[in-house]
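S.K.: Go by the hints and put chain B onto chain A.
Sequences listed follow chains A and B, in order.
The numbering of the first sequence is my numbering, which starts it at 1 and goes up by one.
The numbering of the second sequence is my numbering, which starts it at 1 and goes up by one.
Treat the hints loosely; a few may be bogus.
Which copy is meant is left open, so a pair is good if it fits within one copy or across any two.
27 Å max Cα-Cα, derived DSS-like pairs, lysine-lysine [stated by the list, open to error]:
| hint | residue 1 | residue 2 |
| --- | --- | --- |
| 1 | 46 | 219 |
| 2 | 46 | 59 |
| 3 | 384 | 219 |
| 4 | 46 | 191 |
| 5 | 390 | 101 |
| 6 | 219 | 413 |
| 7 | 59 | 191 |
| 8 | 244 | 171 |
| 9 | 208 | 173 |
| 10 | 244 | 144 |
| 11 | 58 | 46 |
| 12 | 271 | 342 |
| 13 | 46 | 208 |
| 14 | 219 | 157 |
| 15 | 365 | 130 |
| 16 | 244 | 219 |
| 17 | 271 | 58 |
| 18 | 93 | 59 |
| 19 | 377 | 342 |
| 20 | 231 | 191 |
| 21 | 171 | 144 |
| 22 | 157 | 390 |
| 23 | 191 | 101 |
| 24 | 101 | 365 |
Because the hints were derived from the structure by calculation, they are not lab data.
Protein chains: 2
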Amino acid sequence: MNLEIISIGDELLIGQTLNTNAHWIASEVDKVGFSVTRHTTVGDTKNEIIEALSLALKKNDVILITGGLGPTNDDLTMPVLNDFFGGKIIENKEVLQDIEKLVLSRGMEMNINNIRQALVPDICVPIRNKNGTAPGLWFDINNKIIVALPGVPFEMKAMLTDDVLPRLIGKFKLPIIIHRIVYTQGIPESKLAEVIAGWENNLPSTIKLAYLPSPGRVKLRLSSTGADRNKMSELIEIAVEELKMIIAPFIYSTEAGNIEEIIGKLLSDKKVTIATAESCTGGYISHLITSVSGSSDYYTGSVISYSNDIKVRELGVNSLDIEKYGAVSKQVVEQMAEGVLKKMNVDYSIAVSGIAGPTGGTDDKPVGTVWIAISSKLYGTQSKEYRFGKIRSVNIERTAVAALGMLRELLIK
Amino acid sequence: MNLEIISIGDELLIGQTLNTNAHWIASEVDKVGFSVTRHTTVGDTKNEIIEALSLALKKNDVILITGGLGPTNDDLTMPVLNDFFGGKIIENKEVLQDIEKLVLSRGMEMNINNIRQALVPDICVPIRNKNGTAPGLWFDINNKIIVALPGVPFEMKAMLTDDVLPRLIGKFKLPIIIHRIVYTQGIPESKLAEVIAGWENNLPSTIKLAYLPSPGRVKLRLSSTGADRNKMSELIEIAVEELKMIIAPFIYSTEAGNIEEIIGKLLSDKKVTIATAESCTGGYISHLITSVSGSSDYYTGSVISYSNDIKVRELGVNSLDIEKYGAVSKQVVEQMAEGVLKKMNVDYSIAVSGIAGPTGGTDDKPVGTVWIAISSKLYGTQSKEYRFGKIRSVNIERTAVAALGMLRELLIK
Chain A
1 MNLEIISIGD ELLIGQTLNT NAHWIASEVD KVGFSVTRHT TVGDTKNEII
51 EALSLALKKN DVILITGGLG PTNDDLTMPV LNDFFGGKII ENKEVLQDIE
101 KLVLSRGMEM NINNIRQALV PDICVPIRNK NGTAPGLWFD INNKIIVALP
151 GVPFEMKAML TDDVLPRLIG KFKLPIIIHR IVYTQGIPES KLAEVIAGWE
201 NNLPSTIKLA YLPSPGRVKL RLSSTGADRN KMSELIEIAV EELKMIIAPF
251 IYSTEAGNIE EIIGKLLSDK KVTIATAESC TGGYISHLIT SVSGSSDYYT
301 GSVISYSNDI KVRELGVNSL DIEKYGAVSK QVVEQMAEGV LKKMNVDYSI
351 AVSGIAGPTG GTDDKPVGTV WIAISSKLYG TQSKEYRFGK IRSVNIERTA
401 VAALGMLREL LIK
Chain B
1 MNLEIISIGD ELLIGQTLNT NAHWIASEVD KVGFSVTRHT TVGDTKNEII
51 EALSLALKKN DVILITGGLG PTNDDLTMPV LNDFFGGKII ENKEVLQDIE
101 KLVLSRGMEM NINNIRQALV PDICVPIRNK NGTAPGLWFD INNKIIVALP
151 GVPFEMKAML TDDVLPRLIG KFKLPIIIHR IVYTQGIPES KLAEVIAGWE
201 NNLPSTIKLA YLPSPGRVKL RLSSTGADRN KMSELIEIAV EELKMIIAPF
251 IYSTEAGNIE EIIGKLLSDK KVTIATAESC TGGYISHLIT SVSGSSDYYT
301 GSVISYSNDI KVRELGVNSL DIEKYGAVSK QVVEQMAEGV LKKMNVDYSI
351 AVSGIAGPTG GTDDKPVGTV WIAISSKLYG TQSKEYRFGK IRSVNIERTA
401 VAALGMLREL LIK
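Bound-form chain A, shown alone (with noise of 0.2 Å):
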């Protein structure tokens, strides 16, 4: 079943609103086995909304909106939609009473605008939404789904986890999709394909593989499409195994997840606790650590020491060091690790001291040199000196990977 993601809004088109619906919407189809055939963003607009709705109801059998449902005058989706199919746009009483409790739940008084929110095309259903005054629209025109959502995130998210995807795969018959990732890191796109370049030729047919390059790592990804799920997974079971018997070295995970997430499940698995000391990635890797739901069982906390005098008097790190080798350095990096690893008084910590850049930078010590230590009762403390880019999101980012990472085979070992 061929699905396309339409998302309408001036702000996206232009680049001032990153479009993470798109994203979203399109890995939780995906896993259900639609085929997402296409992603277009077009502005707030009659014409441009008219033009995709039309390019788009040729060749797929769902077609999922998201924004320009709001209550103000920029959001034109409700009547452009109504007017494409012919409806007539009256006010929904359910609507209505749903928007009522919410505003009133909040402590404020209905409004103009929360009352247009219930105004809406009298052949679509509407669809609930808890966390806001906009529902959204499901529209069933000759047996093709086009349903239009909010474009508020969360908004969007409830209302397509709860009503839309059970209503869509109660009305589909989907093939099986499997995907399966495996992750390396520490070795480039160009040198991967080189070294796998045989098994690639010899995967079946049925399995497709994708590189998917970012800082620090590239995701291979194996993708097949097909009715017999058993036989699928064992397919990409079996070329996974090979896999691994040629770049070992390089995978640190082949099951789903984020490294933050791969990392959490080990140190819950080992019942052990984790605490960072953080220079250039300024809260970073605790940030990461943190994002992952019930991280409070193995992270205690963090001490981010950006001045050096705050490495000196909250980890104990030697102020002649810092003056003779540096605050990048070996050195400076395994006494912020170890003096983390005392005081939360933890199992694991990573340090991290770098020049994240633009500036900063020295002949010695360009912009993008990072040094990383992971210190543990068990296994002493260890360090490792990086060499990144010029660009200071990307070199916080490679960072936190690789610091995750190196934290990761200790954990593994």
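M.R.: Below, chain B alone, put in the same frame as chain A:
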């Protein structure tokens, strides 16, 4: 001049990778006066790429394509463009030299995939890639420009900024586009629309208004396209000044930039320093602060006190108060703010304690309950309770934005 952005890659289509490229490109080309008409994302499939390209050529002067230029078998962009425009693939000596230089500088040896990257259509101008092995491709066909760039964000960004944009600006006579954003906080979209309806209806016809809601904030974007920059600026300026008279308390900025950049500028200008004590945000506030280049001038460090034990030991919170009032309380968060202010010896501090969810809520303090305190030597300590929603990531983001918003209010006093 109309421009379409085409993103190629199965990983984008099925939601495995977030399309940050289209977002960034849109913002860059919009700034210099192109009208972005559409973003289209298609998979690594010849027919899909050709269909998107054919459609885009119908109504655009420029098409910017990213993705599918790598050295591996799933990368189709180069051969498809070559066939589509009827070229011949040849080895380009200059490109090969660039690749050799880059590969050797990284301490590696040339492999077959590196050499393959030097193959480009003879009917295009290759665009140098300083940060990777895949060159860009610039086609000038019947006065329409079609540019293909690699999908790796930092490679693509450098090529667009250094090479493609200057060429495009040189080739086309572009109109002037002015956008002005008014950042509001603490007022919901529907209420805001109600309050400013009169102002909105009286805007000059050349000014277009958009509401851009995100967790805790609504951005108002005023846009104007034309030829007379001074006149356009003046009209927008008048509109913004009128708006300020209506909703001043809710506006936290009328300058471009995120709240962390605005805070950074305020702290820099005042030559004061900041530290954070974070519980539920787990380092996200310090990550935002340090994502701004130059933040080491005003940011010294943080204590991420996830466990109560660390709140007591490191921040001097009274453990009896934690027992009596709970960790998510006025008493505890104020002590956290005062503790970190003293410990880090800074001028201002932010502390947050809350229930990010999805678990941990009670009847009294449901998921989404957050206390935020700001402390300073000059103004003492103040705190406020917030009730956000149920979604962990949204709660973390809203807490950070609200905390930085509270700090901003104090800084502009």
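S.K.: Run every hint past the structure and note whether it holds.
M.R.: Results for each hint:
1. 46 <-> 219: between (40 Å within a copy, 23 Å between copies)
2. 46 <-> 59: both (21 Å within a copy, 16 Å between copies)
3. 384 <-> 219: within (23 Å within a copy, 44 Å between copies)
4. 46 <-> 191: Answer is between; shortest inter-copy Cα gap is 25 Å, intra-copy 48 Å.
5. 390 <-> 101: between (52 Å within a copy, 18 Å between copies)
6. 219 <-> 413: Close inside one copy (23 Å), not across copies (49 Å); limit 27 Å.
7. 59 <-> 191: Neither way: residue 59 and residue 191 sit 38 Å apart in one copy and 40 Å across, limit 27 Å.
8. 244 <-> 171: neither (40 Å within a copy, 50 Å between copies)
9. 208 <-> 173: within (23 Å within a copy, 44 Å between copies)
10. 244 <-> 144: Neither. Shortest intra-copy (43 Å) and inter-copy (47 Å) distances fail the 27 Å Cα cut-off.
11. 58 <-> 46: both (19 Å within a copy, 19 Å between copies)
12. 271 <-> 342: For residue 271 and residue 342, the Cα distance is within 27 Å only inside one copy (18 Å; across copies 34 Å).
13. 46 <-> 208: between (39 Å within a copy, 15 Å between copies)
14. 219 <-> 157: both (26 Å within a copy, 21 Å between copies)
15. 365 <-> 130: Answer is between: at 20 Å across copies they meet the 27 Å cutoff, but 53 Å inside does not.
16. 244 <-> 219: within (13 Å within a copy, 49 Å between copies)
17. 271 <-> 58: Intra 54 Å, inter 60 Å, cutoff 27 Å: neither.
18. 93 <-> 59: neither (35 Å within a copy, 43 Å between copies)
19. 377 <-> 342: Classified as within: same-chain Cα gap 9 Å, cross-chain 31 Å, threshold 27 Å.
20. 231 <-> 191: neither (31 Å within a copy, 56 Å between copies)
21. 171 <-> 144: within (10 Å within a copy, 44 Å between copies)
22. 157 <-> 390: between (36 Å within a copy, 12 Å between copies)
23. 191 <-> 101: Intra 59 Å, inter 16 Å, cutoff 27 Å: inter-copy only.
24. 101 <-> 365: between (60 Å within a copy, 21 Å between copies)
Hints 7, 8, 10, 17, 18 and 20 from the earlier list are contradicted by this structure; the remaining hints agree with it.
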